[in-house]
Amino acid sequence: MQDLNDIFSNEQGPSYLVRTGVAVAGDSARMQSVGAQFRDFGLEVIQPSLEELATGAHSLQGEAVALLAMDASSSGGISGAAEVLRQIRQHHPHLPALWVGAGQEAAPEGFEFVVHDGDELSHLDGLVSGALYRQVYADWLVDVVSDSAIDTLRQSFSLEASLVDVRLRANQWSLSGVTALVQFQGAGAAGRMMVNGSEELLSVLVERSLGAESRGISAAMELCGELANQVLGRIKGALARRRIDLSLGIPLVLKGEDVVLRQVERQPSLLLHLASDLGPIFVEVGLARLAAATVGPPAVEEDLGMATGEIEFFGLD
Amino acid sequence: MSNAILVVDDNATIRHLARKTLTGAGYQVVEAENGADGLECAKGRQFGMVLTDINMPVMGGMDMIKAIRGLENYKKTPLIVLSTESTREMVDQGKQAGANGWMVKPFEPDKLLSLVKKVVPV
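Quick note, the sequences are listed as chains A and B, same order.
Numbering follows my numbering, in which position 143 of the first sequence is assigned residue number 124; successive positions increment by one, without gaps.
Positions in the second sequence are counted from 1; adding 28 to them yields my numbering.
Isolated chain A, as found in the complex (with noise of 0.2 angstroms):
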C-alpha cells in the first residue's frame, strides 16, 4: 500500500509527486514576508537555487513543492525573470509559478499569479490554495466530491447549487452553522468528508421536504446528517467504480457559531464551496490514505453497484 503523500493520479497528464508546500525563491525581505505567510497557511517552505531548478539540478523529487515564488530580486530583474522561468518549466513543465511584485509590478510572461507588497493575507491564502488543490487531489475526485453533492442538493432536496471556488484547507477553519462529519475508510482509502451549511438554509430544506411543522434546530441538524450521507453514498458509489472500496461511519453533526475544526490528517483537505440561492454550503474531503495502486479509470463495463433512487427486489420466498 502506497501513501497518498507518496504518489498522485492525474489522468490528464503525468503522475506528479503530492506536494504541500512552496518554494520560495530568493531571502529577500518582500519574499521572507511572502515565505512566513505560506508558512502561517500550514505548508512547508523551501528555498531552491533558482540556478538548480533551471538547470534540472533540483529535481524537486521528494520536495512537498507545489508552487514557485519569485521576485524580481531573486530572478535578476523582471526582463530575467521570464527567461528563468521558461529554463525551468523545461524541467518542471507543471509547476504553477507566482510572481511577488513590488508596488503594482505586472507579473512577467509565464506566471500565472501575482501578489504585490501589501496584499492581505486572506488574498494570499487562497490563491495558493486554488493554485494548489490540484497537485494534490487529482481532478477527477473534485469532480466526483462537486458532482456528488450538487445531485444531492437537486434530488433530494430540492436545491441548486453550483461549484464556484475549490481550495486546500489545511490548517485549522472555524466554522459557523450546521456541520456534519462523516469519516470512511477501507482498503483503498480513508479520511473524513464534512457538510457545513447555515441553519437558516437547512431549515428550508426541512421545510421543503417534511414540511413546515418539522422545522427547528433538531430538524436542520438531522437533516445536516442526512445531506452528508447521502453525498458520501455517491462519493463510495463514485470511488467503487474505481475499484477504490470504502466503509462509511455514522454522521456526526455539531452545531455552534465559532467550531473549530483541526486538521488532523497529514493531507490538506479539499474544500468545495457551493454557492445557491438559500445561501454558501461547504463541502470538504480529507483523504489521509488513498491506496493509488488501485486508482484506475472508471469501469463502465463491470456491473458494479445501483444508481441511486434504484430499487432492486430480490424476490419474497
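Note that these hints are calculated values from the structure, not bench results.
We put the beta carbon where it would ideally sit given N, CA and C, even for glycine.
Incorrect hints may appear among the rest.
To be verified - Derived coverage of chain B by chain A (criterion: at least 3 residues anywhere in the stretch with Cβ under 8 angstroms from a Cβ of chain A; other residues may be distant): (1) 40 to 46; (2) 80 to 94; (3) 104 to 114; (4) 122 to 130; (5) 133 to 139.
We have chain A; now place chain B onto it with these hints.
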C-alpha cells in the same frame, strides 16, 4: 398480514419522510433508531414489512436483518433495505443476509410506495 411497517434508520429526516409517505397511503408505521431497537421492536410485534438503513450506530442494518430473519415469525416477512450504500458487494451481502430488496437513497415516495404495495397490501 399486518399492514404495520417498521422503519429503522438513525436519521430522523429519513424516518419522518418514510412515515409521511407510508401513513399517507394507509400503512401504520413504527420507528426505530438503530438495528438493536429495530430488533427489539420486531421481537415484540409482528410487522408486515421492515424497511431499514444499513449504516447505523449500536447495531447496523445488516446484522439486524440476519437477527430478524432468525426469528421464527419473520422467516417470510419482507425486509427491504433503504440505504445510501449502492455497491454491488453491499447489495449482495444484503441479499445473503436475508433482505428481499434494496433501494438506494434518496427515495422517491411513489417508487417506495410502489415497492411496499407489492409486498404488503394496505
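Q: Please count how many residues of the stretch 80 to 94 of chain B have a CB within 8 angstroms of a CB from chain A and say whether that reaches 3.
A: With 3 residues in contact (Cβ-Cβ under 8 angstroms with chain A), the coverage given for the stretch 80 to 94 of chain B holds.
Q. For the stretch 122 to 130 of chain B, do three or more residues have a beta carbon lying closer than 8 angstroms to a beta carbon of chain A?
A. Since 5 is at least three, the answer is holds.
Q | chain A over the stretch 133 to 139 of chain B, status - at least 3 residues with CB closer than 8 angstroms | A | Coverage by chain A holds for the stretch 133 to 139 of chain B (5 residues, Cβ < 8 angstroms).
Q | Outcome, coverage hint (the stretch 104 to 114 of chain B, chain A; C-beta under 8 angstroms; three residues) | A | Held - the stretch 104 to 114 of chain B has 6 residues with a Cβ nearer than 8 angstroms to chain A, which meets the minimum of three.
Q.
Taking 8 angstroms as the Cβ threshold, is the statement that the stretch 40 to 46 of chain B is covered by chain A upheld or broken by the three-residue rule?
A. Holds: 5 residues of the stretch 40 to 46 of chain B have a Cβ under 8 angstroms from chain A.
Checked against the numbered hints given earlier, the structure satisfies every one of them.
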